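Build out the structure end to end from the sequences listed, making use of the hints.
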Amino acid sequence: MKKKLDFSAIARSKVTWAVVAEALILLVCLFVRPEFFSISYQPSTGMLYGNLIDIINRSSEITIIAMGMTLVIALGGTDLSVGALVAVSGAIALKFLRWDVTIYNTPGDYTVYSFALVIIVPLVVCILMGMFNGFLISKGEMQPIIATLILMVCGRGIAQIITNGKQFTTQYSPFRVIGQGSILYLPTPIIITAVVVAAVALFVRKTAFGTFVESVGINRKASRLSGINAQRIIFIVFTLTGFLSGISGLIYSSRIMSNDSNNAGLNFEMDAILAVVIGGTSMTGGKFSLVGTVLGSIIIRTIVNLVYYFGIAAEATMAFKAVIIAVVIVLQSEPVRNYFAKRSSARREAVKGGAKA
Amino acid sequence: MSNLQTAPRQSLWTRVTNPKFIMVYATIGLFLLIYLFGAIPYGDVGFTTLRTFTTLFVDNAYYGISAIGMTMVLITGGIDLSVGAVASLTGMLIAYGTTVMGIHPLICMGFALIVGVGLGLLMGWVIHYLNVPPFITTLTGMFLARGVCSLISRESIEINHPLIDDLASWKIYFMQLKDGEWVKIKPSAYINLNVIIFFVMLLIGIYLLQRTRFGRNIYAIGGSEQSAKLMGLPVGRTKVLVYGFNGLCSVLAGITYALYVKSGWNLSLQGAELDVITCAVIGGTLLTGGVGYMIGTLFGVMLKGLIPALITFNGNLLSWWGKIATGLLLLLFICIQRIVVKTTDRRKGKKRAPVKS
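As you go down the protein sequences, you meet chains R and Y in turn. If you're matching positions, the first sequence starts at 1 in our numbering and goes up one per residue. If you're matching positions, the second sequence starts at 358 in our numbering and goes up one per residue.
Hints are computed from structural coordinates only; laboratory data are not their basis. Some clues are possibly wrong.
Covered stretches of chain R, going by a simulated chain Y footprint (3 or more residues, C-beta under 8 Å) [to be verified]: (1) 142 to 153; (2) 273 to 280; (3) 317 to 323; (4) 333 to 341.
This one's a predicted model, so the numbers in the text were calculated from it and none came from an experiment. Note that the Cβ used here is the ideal one computed from N, Cα and C, for glycine as well.
Put into structure tokens, the structure is as follows:
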């Protein structure tokens, strides 16, 4: 038997409204500036160029973090430390990208330490910081928002002390590939993001982990009683988020080829949480949607890119972001969704009634 | 309240030694400890003077004012991330209004008051009636306020108005009787208008929380919103008013900050919201709601101000250590909170429900 499309369920789903929002934004854009959608190939760099590519490319830092954030929010928590971890990751990477100043006096294609160290050390430190969060929240039973506030407050200070308050630059080309290179005609960050999203999706959906996360998010006590090791789940999720923040930090610092402990990852925690919520995962925990999160992250970046594209002051981005996000969250809010769901089910009832008569 | 039967008045000692104040005492104790810690090595270079003590308030009055509103919001179990942006917007409105448009600063302040309180009430309404999580709603409010701020001006605007100058330079010096004459104590210590506004708001906050039905409702909602609703308390109205009151506090914080720096800048007070939350948490307010006192917040603000003061007196440390010290303080505090909660629970002989935020 063919399953009938249930419009009321679709109207009730938050992901639907995220799709509608993104479609509407792009539709408006299509009418105002059709050339926004053009994509061109640049043979000299072997990369595709275009606003759509750029939106996905530039959203990758947030998307990667938001993958972890989705699981954190599904557990009923929040992780405020991700932005600070991005700064720490970048600071460590640039610290290891120093070169021997007695030989060269300008930045160039050389480092003292091996490139493997440049990648591994920041990630390991971020994993450790994630574990610190995870430990406080799982074993210490602290509120996630407070426990991660500690690293949020400390993190930038730590990043500054790592680099002694200095801003380093580098021209090391293998490092440049992470944020500015290309693989298969696409910018590397898109590929990294795709791999991360696929890996996280496989991990949570092909194993029982995702179900465990949802279960702990809905009722921690009941899950514990049914044999789920809630503490371990929480610990793993926060560690994973730390790791993903580290990757995001590498991409960010590779884009600017420098460390910027004040501004790197600024407000990333807010953007990541917004991406997750726009994507339809409830902040009270429980069910989550990774696809929705990717979509949410792209919506946020679309707004930013549009503001740039239409030549509006960059600082005003926040106002536009606020207005569009306000519309999205109001559309997604319970009363509004219930209203639409009721209307569509009422119409179906009416159709049924008409058929009977 | 004449129809209410009030409980027999307890003696002062019983009231003061009530175990519910234990977190407040922990804050006060820690403040005294750190003060002593600074007083021993730096006592002879002026750490223990009245001047250093009053400077704590002069430099942190705007944090304190904002923390008063934030404490109320946190007690209801909510959170408000928009305070820094609203304060910044207030400063911007005053600066742009007086310097660029030539309007009287009092009118600008009045306008800012309407904007800030209006935004607070609107956010409260969205949180309660549309059931959008406070974190997301106020985050959007923050983006909106910052964005509007940047739309007004992207550069710092100086405030040049005789009234503002008079208000900013108005000081009360501490005097002492010397040879039958009142003279300023040395080194001169003073409090200014900002400190007075802070203490007036503090008294209003204490009165509202401890002596009115409104305050009782706030604690009841924080304890359990469901129960408060079933008891027939005006949950919606109280929540909306609390966010409105916090808007008022943010605007007052913005005005005092404008008096403090005499300029408006669209990026001022970035991240202040989390500093303010940190003050409240160090002061013993629980983010799960239902617990918190204004006196604790007062000492939280003082503690937060004491750390930069210590670093200034040391003179060798990078200012970044201040952030790390604040983070460690936060960690220490949460640990104390956990231990206190655990021991009181054990005394009551019940198991603690899992933490969720």
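(message) Is the listed coverage of the region 273 to 280 of chain R by chain Y valid when you require three or more residues with a beta carbon under 8 Å from a beta carbon of that chain?
(response) holds (count 3)
(request) Between the region 333 to 341 of chain R and chain Y, see if three or more residues pass the 8 Å beta-carbon test, and mark the coverage as holds or violated. (result) That given contact holds, which follows from 4 residues of the region 333 to 341 of chain R lying within Cβ reach (below 8 Å) of chain Y.
(message) Tell me whether the statement that chain Y covers the region 317 to 323 of chain R is true, taking a Cβ distance below 8 Å and needing three residues at minimum.
(response) holds (count 7)
(request) Report holds or violated for chain Y covering the region 142 to 153 of chain R, Cβ cut-off 8 Å, minimum 3 residues. (result) holds (count 11)
Every hint from the earlier list agrees with this structure, and none is contradicted.
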